[in-house]
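Please dock the two separately framed chains into a single complex, following the hints provided.
Heads up: the protein sequence lines correspond to chains A and B, in order. Going by UniProt numbering, the first sequence opens with residue 1, and the numbers climb by one from there. Going by UniProt numbering, the second sequence opens with residue 1, and the numbers climb by one from there.
Keep in mind the hints are simulated off the structure, nothing from the lab. Hints should not be assumed to be uniformly reliable.
Unchecked claim - To be clear about the criterion: a stretch of chain A counts as covered by chain B if any three or more of its residues have a C-beta under 8 Å from a C-beta of chain B, and this derived list gives those stretches:
{"no.": "1", "stretch": "117 to 124"}
{"no.": "2", "stretch": "131 to 139"}
{"no.": "3", "stretch": "143 to 157"}
{"no.": "4", "stretch": "296 to 309"}
Stated by the list, open to error - Think about it this way: if two alpha-carbon atoms lie no more than 27 Å apart in a straight line, the pair counts; the simulated DSSO-like pairs of lysine-lysine are:
{"no.": "5", "chain 1": "B", "residue 1": "K79", "chain 2": "A", "residue 2": "K187"}
{"no.": "6", "chain 1": "B", "residue 1": "K200", "chain 2": "A", "residue 2": "K187"}
{"no.": "7", "chain 1": "A", "residue 1": "K187", "chain 2": "B", "residue 2": "K325"}
Computed from a prediction, not measured in an experiment: that's the story for all the values here. Backbone N, C-alpha and C fix where the C-beta goes; we use that ideal spot for every residue, glycine too.
Residue strings, one per chain:
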Amino acid sequence: MIIRNFGLRHGRQALSAPPSAPSSCLRLLSTQKTTTTTTTTAVAGNQEAMEQLAALSATHAAREARLAAKRQQHEIAEMPSKFKKFIAYQKQTEKLGSEVERRYLPDEIIRNPPHDASLEELMAAQCHMGHHTSSWNPANSRYIYGERSDIHIISLEVIAAHLRRAARVVEEVAYHGGLILLVGNRKGQMPIVTRMAELAGACHLFQKWTPGCITNKDVLLAGGQLKIVNERDEELGGFEEHLRDCRPVTPDLVVCLNPLENYTLLRECALATVPTVGIVDTDADPSWVTYQIPGNDDSLRSVALIAGVLGRAGERGQQRRLEDAKQGIVKWQTPRDVRGYIDKANSLAAEEAKAEREKRLAEGAVDESGLKPADLMTEDEFLAEMFGHGAAPSKY
Amino acid sequence: MASRSVSPGGALLRASRMFSMPAPLPPPAQDAAQATFRSHSDTATTAYPTHQVITTFSHARKEGDWGLKRPLPLRSTTKSSTPMLRIKAIDTIEQITDYASGADHGLSLLKFQELGLPIVTPPPRGAEHRAEAAVGIRSVFEDDIDCTDVAPKDRPKLVDRRWRFSGPWLAGMSPGDFKKYLAEKVRPRRHEFRAFLMTKIVRDLNEARRERALNRGETWDESDEITAETVPGEIVSEFLRGVRQQNATLFKLVGEFLDLAPLKRPSELDITSLANSFRYQADVAHDTRNPYAENGPPSTHPSAGLSYIRTNGYMDNHPVYGPQKERKPVEARVLKPRTNQNYYAKLGIAGFVSETLSGDNIHNQKSAKSPLRQFDPDLKGGAKIYVHPSLASVDSAGKLLILVRDFVDPEAELVARELIGDGEGLFGQQQRQPVEEELSQETLRRKYSQKVSQGAEDYGISFGKVDN
Numbered sequence: 001m002i003i004r005n006f007g008l009r010h011g012r013q014a015l016s017a018p019p020s021a022p023s024s025c026l027r028l029l030s031t032q033k034t035t036t037t038t039t040t041t042a043v044a045g046n047q048e049a050m051e052q053l054a055a056l057s058a059t060h061a062a063r064e065a066r067l068a069a070k071r072q073q074h075e076i077a078e079m080p081s082k083f084k085k086f087i088a089y090q091k092q093t094e095k096l097g098s099e100v101e102r103r104y105l106p107d108e109i110i111r112n113p114p115h116d117a118s119l120e121e122l123m124a125a126q127c128h129m130g131h132h133t134s135s136w137n138p139a140n141s142r143y144i145y146g147e148r149s150d151i152h153i154i155s156l157e158v159i160a161a162h163l164r165r166a167a168r169v170v171e172e173v174a175y176h177g178g179l180i181l182l183v184g185n186r187k188g189q190m191p192i193v194t195r196m197a198e199l200a201g202a203c204h205l206f207q208k209w210t211p212g213c214i215t216n217k218d219v220l221l222a223g224g225q226l227k228i229v230n231e232r233d234e235e236l237g238g239f240e241e242h243l244r245d246c247r248p249v250t251p252d253l254v255v256c257l258n259p260l261e262n263y264t265l266l267r268e269c270a271l272a273t274v275p276t277v278g279i280v281d282t283d284a285d286p287s288w289v290t291y292q293i294p295g296n297d298d299s300l301r302s303v304a305l306i307a308g309v310l311g312r313a314g315e316r317g318q319q320r321r322l323e324d325a326k327q328g329i330v331k332w333q334t335p336r337d338v339r340g341y342i343d344k345a346n347s348l349a350a351e352e353a354k355a356e357r358e359k360r361l362a363e364g365a366v367d368e369s370g371l372k373p374a375d376l377m378t379e380d381e382f383l384a385e386m387f388g389h390g391a392a393p394s395k396y
Numbered sequence: 001m002a003s004r005s006v007s008p009g010g011a012l013l014r015a016s017r018m019f020s021m022p023a024p025l026p027p028p029a030q031d032a033a034q035a036t037f038r039s040h041s042d043t044a045t046t047a048y049p050t051h052q053v054i055t056t057f058s059h060a061r062k063e064g065d066w067g068l069k070r071p072l073p074l075r076s077t078t079k080s081s082t083p084m085l086r087i088k089a090i091d092t093i094e095q096i097t098d099y100a101s102g103a104d105h106g107l108s109l110l111k112f113q114e115l116g117l118p119i120v121t122p123p124p125r126g127a128e129h130r131a132e133a134a135v136g137i138r139s140v141f142e143d144d145i146d147c148t149d150v151a152p153k154d155r156p157k158l159v160d161r162r163w164r165f166s167g168p169w170l171a172g173m174s175p176g177d178f179k180k181y182l183a184e185k186v187r188p189r190r191h192e193f194r195a196f197l198m199t200k201i202v203r204d205l206n207e208a209r210r211e212r213a214l215n216r217g218e219t220w221d222e223s224d225e226i227t228a229e230t231v232p233g234e235i236v237s238e239f240l241r242g243v244r245q246q247n248a249t250l251f252k253l254v255g256e257f258l259d260l261a262p263l264k265r266p267s268e269l270d271i272t273s274l275a276n277s278f279r280y281q282a283d284v285a286h287d288t289r290n291p292y293a294e295n296g297p298p299s300t301h302p303s304a305g306l307s308y309i310r311t312n313g314y315m316d317n318h319p320v321y322g323p324q325k326e327r328k329p330v331e332a333r334v335l336k337p338r339t340n341q342n343y344y345a346k347l348g349i350a351g352f353v354s355e356t357l358s359g360d361n362i363h364n365q366k367s368a369k370s371p372l373r374q375f376d377p378d379l380k381g382g383a384k385i386y387v388h389p390s391l392a393s394v395d396s397a398g399k400l401l402i403l404v405r406d407f408v409d410p411e412a413e414l415v416a417r418e419l420i421g422d423g424e425g426l427f428g429q430q431q432r433q434p435v436e437e438e439l440s441q442e443t444l445r446r447k448y449s450q451k452v453s454q455g456a457e458d459y460g461i462s463f464g465k466v467d468n
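Isolated chain B (complex conformation) (with noise of 0.2 Å):
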């Protein structure tokens, strides 16, 4: 396809980065918690981010010149250490430019990708907490699941292989909004399905007696072929009789018409379900090998941008112990203990909510006084426990989820709380003893002339220092 050429100046602004800005996405649809007066929260960081976030130089920032229409007003801009700006609207009829701080999802996306997780196809649900869930599911780069670039006529035989889908994920959809998208998307086409239907029948019958001539070994050209318009009544009426009465056929051929998403029967089957499970056996034909039939298809490209390994089978190197046989633990916030009512403790890695898993595993030990057993107020700043992402998904609704691994091998957490001077190995060990610095005249004179400031320390922040 030629593009309209487009002049000099023209081109230079379609390639220019005020022009390559998305435009924001729609906001996360609240859940029913949060809808509720009393865990609202307007300063809660979003499921997903909404707009692009933008940052500046550093000189540029002194002068307010980020790239906008005006210079933004110093006295907000400059004072950040997390230089990141959400801009929701360049110039307004007030004559601002409208911004607010992006640092949230900036900061969330720098430390998800200092975890070097993969991101896979989401889980079978209900798997998100068994160790076994990773099993199954794969890279969402592979090949034969990353179809992007799909001819239309294509569309209906790469549906195992794709993951945008013009028609809805019926599965995922409330009665209302099933019932608007019937009257305002569905019912307008049923001239067209009609049309659809004939191509199919005539094809099919047209098919069969091709072959049926090849058999009786007859001769069979182009002009024997019959059309829409000289295909009998009767046969048609037979075939939309038979398809009605078969689910699987009829939801093929609508799938097809309207590009749906694929459905998956969910793989967890509760006792109820298991019971009465005939009423499952239609849904055999249905089943596809899609990776996003069961969860629902992502909104965006199953990676959400968020990182672009393929694989967590690599390995650490330390700088001084060498290669690792496991990969550097991290540091999880417990945000909920276990309780009874909630089976799974709820821990925050790296600025996302995570649920640790079920099975035997030393976090569901009894007798371990574990931190996701109980919760102490007497410890400062909150309980924190050492746990290995080993993978993430995106859901349907744009939500990423951190996949724990059930084991973290002490040797591995040792080196990892070291390497923060936190641990009791060959540097901790060396900071125990601080070399004591000979109080002469010298020394004296340089501790008092040194700058003001001391850094992080200034502030109550001390990196793996000992207090004595």
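The shape of chain A in the complex, shown without the other chains (with noise of 0.2 Å):
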């Protein structure tokens, strides 16, 4: 036998013999318990041998217990590192995986809408098709970008520049403290009037429009319930004469979703001069409203859009409005019937408190001779002038 090459004939079965061992290692820290065993052979009539195997079997068993009770205190010791060990991972392996988001959902555009729409946002809210090329209204025309499918296209740019402009006013007359009116009565218009009412702080119409509310307010709207707020939109008391006179209010802005439907409202708007916003589709007349928004009335989803981004900007001018206020900026002025009725308030107290002097003057409760020099001095003042200037106390 060659020597050198021992190794290798030799190492090979060595190497791949089962490793002895480990395995007796491995059976050893195996947690299954492993079946005791125990002699059940007694022979009849010796009783010795049967108590001492009891006995035997019976000191067996509870060292079992022991051992059963420690591991259960080693696992409840081990628990708390387990834990954190757990959060630890839990932790680092949570961002693993890819996210599934969920691109478009419906109501998503109501409940949070955009602050401005981007042009990507118009097409995919369909703000963009008009109606059948031949119920046009040909004073669109200059927001019409072409036609396909028989219908008229309307300019993605123009819709956005116009929207951008009408969100403009809506934002300033909410910072003025103007009285915001959004209409909107088509069928599933609801949840988007009232939700861009909600956001501007707005009044909201989703019913027909009773004809001759704004012309014809007196009568209409006699008896509704009207409250004074201050510049921070608290009610203040003390006006309950004037609002038990005063005429109904008119809205300082509508913004009306579908104009078709609300031609007398917006005649109503036009002969009271109060501005109007409105979603002018190719089929409708552009000169009924102000501010024109070119785009498609008849989609919820380009509505709700359109009518979002109105709603943000009604929304940003209010808190705009109520942050000024709060440092003491105010930008609008009191309407003239509430000012008349304060400063002829103001008169009349004024007369009182004269008349209630002269009277007490009269009964000589009150020493008329003026002031003295003493009563408009503050109390160092006093303590010097009485003192002498060297005599006062200093303050520091």
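The structure is reproduced here in structure tokens:
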């Protein structure tokens, strides 16, 4: 046998032989209980041997129970550290994997409308789809990009520009404390209108406009509830008499989502010089409203987007107004009738005070000799006057 | 070619889905049988779809949002389990969106794609029923016959490789159409054709003269070339006289001028044509290798967008049995058994009508009690057989033709039936003995607290359930 080849010949066998030590270690480590084999072959009559066996098995069982309790205690002791490890592992791995993103939810545009509509959003919301080419109003030709599939296509840029202008109008009206009325009375527009009114702090109308609510408001809206608020929107008391007598209010801006069905409203607004904002489809007359937003007024998604942008603008305006009010900046003027009421009330109060004073003067209760200089002095000045300048106790 | 610059909104609109909707196709021409009063049906599925079928997400569908001018009525669009629509008009004078269900063609497409068939060039006329029909035909996506981007000057050169021609396929025209075509399209171009012939004459003359000069060892330069003005008048009249006699040459010139689709005489000759075969001898010159010459060029891409598979040479993998030698056969409804008048039975495969093969195969054996031979009125739901569709092709009228193989391996049929729970194999036997559930309080409670609807079983549809 060649010695130098020994390793090559037998090394493979030696290495491939199953290592006995690790496997036996594994067996020791395994948590499975090894079944205890108790010899039950008792010889009849051998009482002593039986008792010995019983005692042996009893001690054996007691040891097992002790071990089990120890194991349990050990497990309980390990629990917090294991839990910490688990949490750490969970934190480490929670960012793994892909996140399924839902691109489009129908009511997301109502719940969380954007502040500005991009061209893509306008197109996705079908704002560009006009009416059949035969039912167009030629006054809208400046908004029309072309025609496709027998309908007019409204230019997206024009929609975006007009929408931005209208949003600016709504924002400034809200900033100047104007009263905004939102009208959308087509089927399905109710949630859009209410949500937008909620955002912009405005009034809403999703049913039929009662004709005359502006031009004949004194009759139709008599007895409607009103309140007087200050610049921080807190209700003010003391105006009960005025509220009883004053005329119903007129909106300062009307936003109409479907001008075609609201001709009466828009006409009344024009008579009362109330500015209006409206979605003008290719079959509508753009001269009905003051600020046109060319766009599709049939699709709820399109209306929701446009109304949402306007609602957000109103929200911004209200926020700005309240923030400025906190710093004492008020950009709006008290309405003339309220101003007049306040002036009248003030003069009344002054007259009353004067009469009271004269009355008391006549009774001799008040010394009318006029104020003495000491009445106009502060405490320190009074002391200084009394004790001379040098005697004034220093403040510091 | 530089494209015209457009505004960002315009570019967006051009890329939008509404703008990418194709214009509707003309409706398929009705054949004589359909045109008669008795067999006409308004609701029958047309041979090919004319409108694009659209669908929408389920949550948008609940709002009626299909991406159109206005939300569609919920009552008619939300209840369908196959939400597919074809839009006839986005807006009309009546201020409505004109739409109809598009589920017929949408589902046909899905079912056809489930078959996994490649689209091939149309088989020779009359060979659809022969098993060996599949020998010569190839996928329509082969590079040498799917030539779409051709420069105008290369058109005559690539006539064997193209499928789109600006001129008509004369063999498919009715006499009236042909007369109309001559009067409206051809006659006004008489002078143009003269000029075209003149360039041909001048080119040929110059070619011949240059060759002669080279053969004689003389010099040849550009100044020696004759032009259309200097060509002798007698040569032109001689050429015209000669070309009138040679049909093949004339057809070649006319075909090149009008970009006519190539013609080929039918490969299946009947007895009468064999008897006077001399009539066809002149046609030999017309012969072309264009696969669409015999049946007419397709009106769309020859695949019609139905399938993009190039071959049927692939295997199915069964979840338990592994790769299968035979592809899964499909169940076909026997629409019309063989009669004395009609030798071929009509089968409905995945919504398309196909015909059986001729020759010696299992469906044509007289001994077999085949549902293809006799109509059984007692059979509920009609007779069905398993067939093996192998290839499909689209003819020039836009109709789909499925070629059926003659033989279905019984084992493959068994595997296919077993997959839908209809078989006697491993799973079928397992289903025969449903496990009797123990009737305890727990199971009873669970049974009656389940939701009211059990799905398809409520409607009497049972998937592979064995009735006891």
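Hints violated by the structure (listed by number, smallest first): 6, 7
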